[in-house]
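Assemble chain W onto chain P, guided by the hints.
The primary structure of each chain is shown beneath.
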Amino acid sequence: RKEVEQDPGPFNVPEGATVAFNCTYSNSASQSFFWYRQDCRKEPKLLMSVYSSGNEDGRFTAQLNRASQYISLLIRDSKLSDSATYLCVVPRSGNTGKLIFGQGTTLQVKP
Amino acid sequence: EAGVTQFPSHSVIEKGQTVTLRCDPISGHDNLYWYRRVMGKEIKFLLHFVKESKQDESGMPNNRFLAERTGGTYSTLKVQPAELEDSGVYFCASSLNQGAGEKLFFGSGTQLSVL
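Here the protein sequences come in this chain order: P and W.
Counting from 458, one number per residue, gives the positions in the first sequence under the working numbering.
Counting from 9, one number per residue, gives the positions in the second sequence under the working numbering.
For reference, chain P alone in the conformation it holds in the complex:
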């Protein structure tokens, strides 16, 4: 079983739609989680950090379910510019910056 698993998609949605991605992780000791966004042929960029039950930033909401070991990312009122690959990232436990990446979920927002 992979340490971080995501549905690769692609998710094709119309503008204005609400879309949600899930990510499961295997290490129950993990304390912090991230969603990164990666545009085609670009570097990953931090979108949101998830430390407790979840957090919200504008149209984006990230939630954490420790009991089931999954993290979700909800995007409301999708924009064309939201089209990208969304990477679920779980840091290795301990005093390290080593990140474990999921394979990514591709979102394509259509006009």
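Since the hints were derived computationally from the structure, they do not count as laboratory data.
Ideal Cβ positions, reconstructed from N, Cα and C, are used throughout, including at glycine.
Fair warning: there could be bad hints in the mix.
[As the list claims (entries may be wrong)] Label-pair ranges, simulated between beta-carbon atoms: (1) W:S121 to P:N469: 27 to 35 Å; (2) W:E22 to P:P471: 40 to 48 Å; (3) P:S485 to W:Q119: 30 to 38 Å.
[What the hints assert, rightly or not] Residues of chain W clear of chain P, computed beta-carbon distances all greater than 12 Å: (4) A10; (5) S35; (6) T81.
Using the frame of chain P, we list chain W on its own:
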């Protein structure tokens, strides 16, 4: 403020040749990381420097890969001799501190194609 810069952006070499990738982290960032994404797979950790010291090199695939960070500033990643399976995108990242919640800043990557 300049971000993490990587050079070259693309490299096409033949099997058996040597390639050296360079990464300049954000000024003042002691922590420097190398990651790699091969086709169809997730991004994977290669190694972590704290200043000039290798903190964790558990992700280095084999001894054909050599990473250095002399002086604790920029880093190089050399592949010698390159094999077909080394093709992929090599990302460098840096951070001010280390820790599970620390934000990493990524460079735009080097696309390596081994023919």
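Against the structure, the hints:
1. W:S121 to P:N469: 27 to 35 Å: holds, 29 Å
2. W:E22 to P:P471: 40 to 48 Å: For P471 (chain P) against E22 (chain W), whose Cβ atoms are near 46 Å apart, the range 40 to 48 Å holds.
3. P:S485 to W:Q119: 30 to 38 Å: holds, 36 Å
4. A10: holds, 14 Å
5. S35: holds, 18 Å
6. T81: holds, 18 Å
In this structure, none of the earlier numbered hints is contradicted; all agree with it.
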